[in-house]
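Asks: Residues per chain, in single letters:
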Amino acid sequence: MATIPLDQNQIERVKAIALEIAESVQEYIVNYSSDSVERTVLRLYGVDGVNEDGTPLPNRVVEKAREAGILEHGISPWFAKAMLISGRDEQVTAELLEQDQVDFSFDKNVTPADIHQKEGELANKAMEVLKATNSAKREKREKTPLPPNPWRYIIVATGNIYEDRTQAKSAVFSGADIIAVIRSTAQSLLDYVPYGPTTEGFGGTYATQANFRIMRDALDEAGLEQGRYIRLVNYSSGLCMAEIAACAAFEDLDMLLNDSMYGILFRDINMKRTFIDQYLSRLICAHADIIINTGEDNYLTTSDAVEAAHTVTASQLINEAMALKAGLPARLMGLGHAFEINPKIENAFLYELAHAQLARQLFPDAPLKYMPPTKYKSTDIFHAHCLDTMFNLASVTTDQGIHLAGILTEANHTPLMQDRFQSLGNINYVFNVAKDLGDEIEFKQDGFIAKRAQTVLDETEAFLNRIREKGLMESITEGGFAGISRPIDGGKGHGGVFAKSSDYSNPVMQLLENNNPNK
Amino acid sequence: MKQNIKPYGDTINDGIIQLSFTLPVEFGAKAKKAAELYVLKLNFDQVSVAHAEKIADDFTYFVVFAKAKPVLDYSTVVASEVKTVEMDFYQINDLIRKEFNRKISVVGATIGADAHTVGIDAIMNMKGYNQDYGLERYPEMNALNMGAQVTCEDLLKEALDKKADALLVSQTVTQKDAHIRNFTELIELLEAENLRSHFLLLAGGPRVTHDLAIELGYDAGFGPGTVPSRVASFIVTTLLKGRK
Ligand code: B12
Numbered sequence: 001m002a003t004i005p006l007d008q009n010q011i012e013r014v015k016a017i018a019l020e021i022a023e024s025v026q027e028y029i030v031n032y033s034s035d036s037v038e039r040t041v042l043r044l045y046g047v048d049g050v051n052e053d054g055t056p057l058p059n060r061v062v063e064k065a066r067e068a069g070i071l072e073h074g075i076s077p078w079f080a081k082a083m084l085i086s087g088r089d090e091q092v093t094a095e096l097l098e099q100d101q102v103d104f105s106f107d108k109n110v111t112p113a114d115i116h117q118k119e120g121e122l123a124n125k126a127m128e129v130l131k132a133t134n135s136a137k138r139e140k141r142e143k144t145p146l147p148p149n150p151w152r153y154i155i156v157a158t159g160n161i162y163e164d165r166t167q168a169k170s171a172v173f174s175g176a177d178i179i180a181v182i183r184s185t186a187q188s189l190l191d192y193v194p195y196g197p198t199t200e201g202f203g204g205t206y207a208t209q210a211n212f213r214i215m216r217d218a219l220d221e222a223g224l225e226q227g228r229y230i231r232l233v234n235y236s237s238g239l240c241m242a243e244i245a246a247c248a249a250f251e252d253l254d255m256l257l258n259d260s261m262y263g264i265l266f267r268d269i270n271m272k273r274t275f276i277d278q279y280l281s282r283l284i285c286a287h288a289d290i291i292i293n294t295g296e297d298n299y300l301t302t303s304d305a306v307e308a309a310h311t312v313t314a315s316q317l318i319n320e321a322m323a324l325k326a327g328l329p330a331r332l333m334g335l336g337h338a339f340e341i342n343p344k345i346e347n348a349f350l351y352e353l354a355h356a357q358l359a360r361q362l363f364p365d366a367p368l369k370y371m372p373p374t375k376y377k378s379t380d381i382f383h384a385h386c387l388d389t390m391f392n393l394a395s396v397t398t399d400q401g402i403h404l405a406g407i408l409t410e411a412n413h414t415p416l417m418q419d420r421f422q423s424l425g426n427i428n429y430v431f432n433v434a435k436d437l438g439d440e441i442e443f444k445q446d447g448f449i450a451k452r453a454q455t456v457l458d459e460t461e462a463f464l465n466r467i468r469e470k471g472l473m474e475s476i477t478e479g480g481f482a483g484i485s486r487p488i489d490g491g492k493g494h495g496g497v498f499a500k501s502s503d504y505s506n507p508v509m510q511l512l513e514n515n516n517p518n519k
Numbered sequence: 001m002k003q004n005i006k007p008y009g010d011t012i013n014d015g016i017i018q019l020s021f022t023l024p025v026e027f028g029a030k031a032k033k034a035a036e037l038y039v040l041k042l043n044f045d046q047v048s049v050a051h052a053e054k055i056a057d058d059f060t061y062f063v064v065f066a067k068a069k070p071v072l073d074y075s076t077v078v079a080s081e082v083k084t085v086e087m088d089f090y091q092i093n094d095l096i097r098k099e100f101n102r103k104i105s106v107v108g109a110t111i112g113a114d115a116h117t118v119g120i121d122a123i124m125n126m127k128g129y130n131q132d133y134g135l136e137r138y139p140e141m142n143a144l145n146m147g148a149q150v151t152c153e154d155l156l157k158e159a160l161d162k163k164a165d166a167l168l169v170s171q172t173v174t175q176k177d178a179h180i181r182n183f184t185e186l187i188e189l190l191e192a193e194n195l196r197s198h199f200l201l202l203a204g205g206p207r208v209t210h211d212l213a214i215e216l217g218y219d220a221g222f223g224p225g226t227v228p229s230r231v232a233s234f235i236v237t238t239l240l241k242g243r244k
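Residue numbers (this note's numbering), protein chains in the order written: chain A, 1 to 519; chain B, 1 to 244.
None of these hints come from the bench; they were simulated from the model. Keep in mind the model is a prediction, meaning the values are calculated, not measured. Don't take each hint at face value.
Covered stretches of chain A, as calculated for chain B (at least 3 residues, CB under 8 Å) [said to hold, decoys possible]:
| hint | segment |
| --- | --- |
| 1 | 170-181 |
| 2 | 404-418 |
Below, in silico cross-link-like pairs of lysine-lysine (DSSO-like), each with a Cα-Cα straight-line distance of 27 Å or less [claimed, not checked]:
| hint | chain 1 | residue 1 | chain 2 | residue 2 |
| --- | --- | --- | --- | --- |
| 3 | A | LYS435 | B | LYS157 |
| 4 | B | LYS157 | B | LYS103 |
| 5 | B | LYS162 | B | LYS98 |
| 6 | A | LYS137 | A | LYS344 |
| 7 | B | LYS6 | B | LYS67 |
| 8 | A | LYS344 | A | LYS470 |
| 9 | A | LYS140 | A | LYS125 |
| 10 | A | LYS492 | B | LYS6 |
| 11 | B | LYS103 | B | LYS6 |
| 12 | A | LYS451 | A | LYS435 |
| 13 | B | LYS176 | A | LYS375 |
| 14 | B | LYS32 | B | LYS67 |
| 15 | A | LYS492 | B | LYS41 |
| 16 | A | LYS344 | A | LYS375 |
| 17 | B | LYS127 | A | LYS375 |
| 18 | A | LYS344 | B | LYS127 |
| 19 | A | LYS470 | A | LYS15 |
| 20 | A | LYS325 | A | LYS131 |
Ideal Cβ placement from N, Cα and C applies to all residues, glycine included.
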């Protein structure tokens, strides 16, 4: 493939700075936990379901622990103790806790050793579940060969999971390799995971474990018909990053939108909460073989894609470093970027090639997630279709990994069945007619594209240096990414963050940290 | 005077329209015939099903050209748009200085669950839109942009606090008429508090028209491509009119 001459030392330098930045955040993370981390532990232990008001039991149990003033020790030992007291399984114990038939203070001579042993059992069982999903998926994928790069990724977003199923199947018929179910508006701000199959959503469909399962089954069926394995994507950004990762793992999802900073910037979620939650969510992804998709493309919806190109690269490097901290191998890192330059700029396509090629060379083993034009999509659908054609060409030429389908009606509405058909038709056409273009061309050594890539890399290095000096949290406070400034202790979900006590216990997290299957 | 019109292809009044749509039937001769008959039912003539293709089991996609029959008397069409004097940044600030002897206060927000800020930012933030400065840049204005996902209550609180002359409300998500509900909620709140006449109320967003805004009880509506100076000019001239 054609490459731009980049200084390997500089690449190593920027990666080292990013790692330092991630490490200083990590130092903070290890001392704190959050409500949603604890709820995730319960989910991994097998607690599911809702109470009469529709509140998920993991939420109820954690609330009770909080009220009892014991949460700082971790939910794990207390839940294990409650199980020993009740003598029942995880689910029933959670129900009994909810009904106040068992409580955390009640003690029937349960020794610390008993509790410790019970915790160990629960944690080991959780690890087995994650292992099982990992091998189930591998088996399915092995039956059908991987599609060539870039993979065709398309969204469904009707709000009704059953309608989504129909739409998804038609997209698979038109050539989609990956189906993403867009979440309902503002689900990321819900401090719980909704429950059961859902048919009413705004701008998308609720991410629930039941909905995951319905779509997984539909895609397995469609995949068998078409002779390819179809990957399923959902979102784990927001206030429930790790919980959704757990639900996704249980239902054999293949990818999750999962960014270390998106929630902070675009959803005004507290940054400590986000950093804490993303860590556990990524540990789960590493074990369940889930590719994370990061959200750098979003920066370019509020910032200019040329001026702010280096913030995308810097964020990719930080996301990569944090993913490494959580044990994700490069093949599970769908680092994000986008084709969002104002089409009125002369040579905009050359800039786009430079940016895409830079990302490709910085992360050679990562399945880069490439986002189509959205901001400058016109309501003239015919013109919008032209923009997508150029995007498709840039993607196939620079060998991107996860190719999000551009849709001609982007500026109009969430896609109709025929919009997906057009979109995939365009992709199929360009990917075929320009299949080996990237292997045939060379970038001029000191040409526009090479120089532009170098400029972005230089700006990235300078920017990362500034972040290292100030610290990542302070840099976000100052509006370094996407021009959006967020206070360290502001935002949603801050109340759910707490310092771990010295005897904090979370054995499943320890197992996740110490038994990385990708090593 | 009557002025009958029809869509134009290459000959006046040929009525040519291109359509594309999907029918929930399996591809085949029968599907094509169904598309033709359906378009005939829509009151078209000379229907030509140019393209038909299977896009899923039990779904067929069509591109159709056809000639429309009805004519429309253009002279009967009424549509409104915001009428305002064309003024630039300097003229508007001068006018405020001359006529008001105080700063004009405006508060803007995207209300409800809607998280889209780019539209309201384009109108309010310093940088502005399309080489046209945003309201925050106007020395004679106090402009506060509250961002997105603001509740109507918070917007009103801030508006009272800042003694706002005008409220700028943005809505982008229109699925299931979310924008109508949110716009209406604000009106209802203002009416319940007896404060509707306190403020100039401007609605904006990609699917907002002046007609829609008026229908919902706003003073004006601004759609795609709006530049800040137009909005500023509307606010200032309307406030002036209100005083006289
Ligand atoms: C950028 C973007 C985002 C960004 C927003 C970032 C941000 N901080 O704003 C992100 C990625 C966060 C996002 C999220 C979502 N988005 Co969005 N997004 C867009 C996109 C690509 C561009 C919108 C934009 O910025 N336009 C540029 C601005 C300048 O234009 P404008 O808003 O029309 O503003 C102008 C005028 O309308 C006017 N104006 C606007 N407001 C006001 C107010 C006043 C008072 C005045 C006077 C004038 C005025 O002046 C402006 C300048 O001329 C559009 C697609 C498109 N190309 O339109 C989808 C789009 C708007 N999004 C959509 C959806 C569905 C969503 C989500 C719900 C998806 C999901 N399920 O999660 C979420 C929203 C979550 C939520 N809670 O709202 C749909 C909306 C469909 C519909 N009609 O209901 C669209 C059309 C995409 C699609 N085809 O599905 N999105």
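Asks: Among all the numbered hints in the text so far, which are the ones the structure does not match?
Replies: 3, 6, 8, 10, 11 and 15
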